[in-house]
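Full structure from sequences and hints, please.
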Amino acid sequence: MRHQPRPPRLAEVLLAASLPREVRDATVGDMAEAFCKMTEDRDHVAARYWYWTQVLRSLNPVFRWPLRFAMPTRQRRTAKATNPGDTMSSVIQDVRYAVRTAVKNPGFSIVVVLTLGLGIGANTAIFSVVDGILLRPLPFPEPDRLVTVWADYTRRSGPLREWLGYLNFHDLRQETDVFEDVAVWDGWNPTLTGIAEAELITGGIFSAGMFSEVLGIPPAAGRPFLPEDDKPGAPDVLLISHGFWTRRFGADPSVIGRTIVLNGVPHTVIGIMPSGFRPPFVPNAEVWKPMQIDGDSFTGRRGDAYLRSFGRLRDGVTLETASARATALANRLADQFPESNTGMGFAIFPLRADLVRQAQAPLWVLLGAVGFVLLIACVNVANLLLARMTSRQSELAVRAALGAQRKRLMRQLFTESALLALIGGAVGAALAFLGTDLLVAMAPRGTPRIDEVTVDLRILLFAGGATALSTFVFGLLPAVRGSRADLHDALKVGGRGMDLSARGRAIGNALMMGQVALALILLVGAGLMVRSLSALNSVDLGFEPQRMLTLSLNLPQTRYPDRAASANFFRDLETRLGALPGVEAVGGTNTVPLSGLNGDVNFDIEGRPIQQPGQENILWLRRVTPTYFETIGTRIVRGRAFTPSEDREAPRVIIVNETLAERYFPGEDAIGKRINVNDPENVTWREIVGIAEDIKNFGIQRVSRNAAYFPFAQIPTSFMGIVMRSAGDPTLLIPSARNVIAEMDPSLAASNVTTMESMVQTSLGSERFVTMLLTIFASVALVLAVVGLYGVVSYSVSRRVHEMGIRVALGAADGDIRKLIVGKSVGMAVAGVGVGVVGALLLTRLMEGLLFGVSASDPVTFATTAVLLTAVAAVASAIPAQRAVKVDPMAVLKHE
Amino acid sequence: MARGDYLGEFELVVLLGLARLEDEAYGMTIFEEIKRVTGRDLTVPAVYVTLNRLEKKDYVTSRTGESNAARGGRAKKYYRVTAEGSQALEASQEMLSRLWHGVGLGEAASKT
Chain V
27 MRHQPRPPRL AEVLLAASLP REVRDATVGD MAEAFCKMTE DRDHVAARYW YWTQVLRSLN
87 PVFRWPLRFA MPTRQRRTAK ATNPGDTMSS VIQDVRYAVR TAVKNPGFSI VVVLTLGLGI
147 GANTAIFSVV DGILLRPLPF PEPDRLVTVW ADYTRRSGPL REWLGYLNFH DLRQETDVFE
207 DVAVWDGWNP TLTGIAEAEL ITGGIFSAGM FSEVLGIPPA AGRPFLPEDD KPGAPDVLLI
267 SHGFWTRRFG ADPSVIGRTI VLNGVPHTVI GIMPSGFRPP FVPNAEVWKP MQIDGDSFTG
327 RRGDAYLRSF GRLRDGVTLE TASARATALA NRLADQFPES NTGMGFAIFP LRADLVRQAQ
387 APLWVLLGAV GFVLLIACVN VANLLLARMT SRQSELAVRA ALGAQRKRLM RQLFTESALL
447 ALIGGAVGAA LAFLGTDLLV AMAPRGTPRI DEVTVDLRIL LFAGGATALS TFVFGLLPAV
507 RGSRADLHDA LKVGGRGMDL SARGRAIGNA LMMGQVALAL ILLVGAGLMV RSLSALNSVD
567 LGFEPQRMLT LSLNLPQTRY PDRAASANFF RDLETRLGAL PGVEAVGGTN TVPLSGLNGD
627 VNFDIEGRPI QQPGQENILW LRRVTPTYFE TIGTRIVRGR AFTPSEDREA PRVIIVNETL
687 AERYFPGEDA IGKRINVNDP ENVTWREIVG IAEDIKNFGI QRVSRNAAYF PFAQIPTSFM
747 GIVMRSAGDP TLLIPSARNV IAEMDPSLAA SNVTTMESMV QTSLGSERFV TMLLTIFASV
807 ALVLAVVGLY GVVSYSVSRR VHEMGIRVAL GAADGDIRKL IVGKSVGMAV AGVGVGVVGA
867 LLLTRLMEGL LFGVSASDPV TFATTAVLLT AVAAVASAIP AQRAVKVDPM AVLKHE
Chain S
5 MARGDYLGEF ELVVLLGLAR LEDEAYGMTI FEEIKRVTGR DLTVPAVYVT LNRLEKKDYV
65 TSRTGESNAA RGGRAKKYYR VTAEGSQALE ASQEMLSRLW HGVGLGEAAS KT
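As you go down the protein sequences, you meet chains V and S in turn. Residue numbers in the first sequence follow my numbering, run continuously in steps of one, and reach 922 at the last position. Residue numbers in the second sequence follow my numbering, run continuously in steps of one, and reach 116 at the last position.
Calculated from the structure, these hints are not laboratory results. Among the clues, some could well be false.
[Claimed, not checked] Which bits of chain S does chain V cover? Going by a derived footprint, with three or more residues having C-beta under 8 Å, they are:
(1) 69–76
(2) 79–86
(3) 90–103
[Claimed, not checked] Over the 10 Å line for every Cβ pair with chain S, so calculated as not near, a few chain V residues:
(4) Glu-59
(5) Glu-188
(6) Arg-284
Quick caveat: nothing in here was measured; it's all calculated off a predicted structure. No residue lacks a Cβ here, since even glycine has one placed at the ideal position from N, Cα and C.
Structure below.
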């Protein structure tokens, strides 16, 4: 049987709904038949067009049909003709009239629609971001039971959130009454070889139980890690991410069981994680392997803190209970192992709160800004509609006099408001989607959970509802407020020149001032953030980030088995890189500044009492090559840098930073003193040969800590970060640097290749993001306020045309008229600014945590924004003022 | 025929369209006939609704016909003018003729 073309479903449904029962089938059938015929004779498109036009055109008169029976018999006959007073067919009439009205006042309509659109769109976008990051639960089963576990060293003047040592973790894991499981993880950046070009992969090392028990996400294919995989010496297995599977294996299902070579070691793929799986804290990892450490065979020291941990609480166990249990354990461990565990506690936090900790304050500030902008938008719309009330009232009076019922008029206004609200809502929705995508794209790297952000429909509906409400309330006002007497008056005066009642005007002015106040608050907030950011940007970093390229290299142990091999390789590399054209200086270190890596160790000073467990001195340690300080631009304040001859054979030396020197050798010269680092058992006294200036490694706003540097050659590692200062654009060096590395060892791949300046910018990432967002908000608020002001003044002028004419006739000069109008607006703006300043002083106090180098009541910012807003108000009212000046008094008076 | 129950304009058009077709008159054919003869732009549903109204006044009767796949299984309704319908048509025609007679189309034409 031939497949018949079907008419458009929706049209068919509408058609059927509008027909009387007796002829419904026949009509729909006829139309379907005609549709088929037309599809054959002409084409599908023409047929659809014809069908739709038939249906739509027939709807008007046809809908009248069933409603006849609601009307008394006499009216039934007259209802055959189209009657303007006929309440039913007029729904479509209302819409047509509303469209005509809107089109006749394009400026007004566009302004209202844009205001609604901006208000709804901007707010939804920001709220969606805030929701995705702060409010939504994590995408794991029962996410409220997930916690982070840290070692708490605050009683030893250390950090609250320190990484765990393996054995401490292992003991905590035994507390199965409170924890369903606890797992640890470490970063892992292996080099993948054997497939075309070597590639450095981001990965993670998880202890068994992380996937299945803690996070609760099983692999999409294959199997998860089992306790057997986690034993030292077990066969090397691997779980891969969905993205990695698609990217490297083209989604080939036979990948399970295959072997891939990472860091020279073959690993068997045992499973593929589901698409969209993102473990907290290592969201970009593509491969995971088991930690393969066993509590029984662990040979490291209990206090070596190098692991991070998550856990899952047992169902029904509270955080307090778990923390209490952990504290009890910590105390027992401190008694058992005093050297490592004295003064150490466990710090347990809910995972979600910990994850977004740093994003919280700025996001709440932004949310506040969101609320303000929404308010401004609503007020704007209200004001515009209110201003139009005058002309509407006279028009409505005329129509009422001609016999229109009150209810009909209200419905007319309702339709107009609905039309505006609908279009504004559509614009807002489009802006919301666009805006959210834009914000996600612009968010700083490493913003937690940014990939979970999607447009939040709740807030779209809320914002849409709020603005629609405003539209309806103020749109209907003219009809609601007009009593018989008012309308009568309106007619008497001729319908023109009637001004808003005094109360109406007062409301309008109050709304205007409110808008200005809100806009000022936002502008002040943005201004403070801008100044804060600029202060951050000009902080002395302690090194010179300009024209500097950095990259990292990880030497696989299989080919570089001992320290000598690493040391030789890196020394060779430095020399070769230094020889490249365009390279002014090269240096190496094991942790590049601002890279987020650190290595805290204990130390003792010669001649001073050995610190007891629980009271050690802590410094942050780095290894650097001799040319490092010179390359990176960190000054040696006293003494000297390392020399090339200071290698493994030479006496041990060390350079300390100013903070350490001042804190531990106040008033004396630290040069020549000796320090032992890390191990009170195996003492190696190192002589201080230089004092370096402090650098901001942990973030530009953080306070300096004790730091010290070893010569890289004396304790080489298999990992080095290279810094190169370039004569010109540092990115131009990238290809030649990569070549040098490939020449030396083709299986190596450099990672984290970036310029120092972009790392600095990235570390300021969240401040920049917040500042940018606040600035956007403030601008939107400013635009809305200005537009609103313009609209209101404009309408006010057009209403006062009569009055202007009289003034001019009585001898008012152009300047007088202008002064009158602009003066009034500026007056209102100043009042609004005043209110705004008070509000801002109160509210910016909440922002204090975000500001750097500028106070929350910074007078410069306040003064600038106040002046700016007032000036803008003056300009906005200048244009309508100009129109008022052009009024021809004769033309106006004639209409008296 | 009851007094005052004159045919409305569109009812008249539809009834005439039906009357022109001997047999096999259903919505579509009536619609097409009117369109062909007058060039008037009308809709199929409007025709049907009018036919329904006329049926309620007993000016037409209907019978259910066959259906086919193109119609999605919906039966056709065939219409026929009744005796009362014919009378109504005649009455309308007479009334209109009287009104038309004496209308000076010549003067009307020169006024435009």
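Evaluated hints:
1. 69–76: With 6 residues close enough to chain V, the hint holds.
2. 79–86: Check passed, 3 qualifying residues.
3. 90–103: It is violated, with 0 qualifying residues against the three required.
4. Glu-59: 5 Å, violated
5. Glu-188: Glu-188 of chain V is indeed farther than 10 Å from all Cβ atoms of chain S, at 74 Å.
6. Arg-284: 55 Å, holds
This entry does not satisfy hints 3 and 4, going by the numbered hints stated previously.
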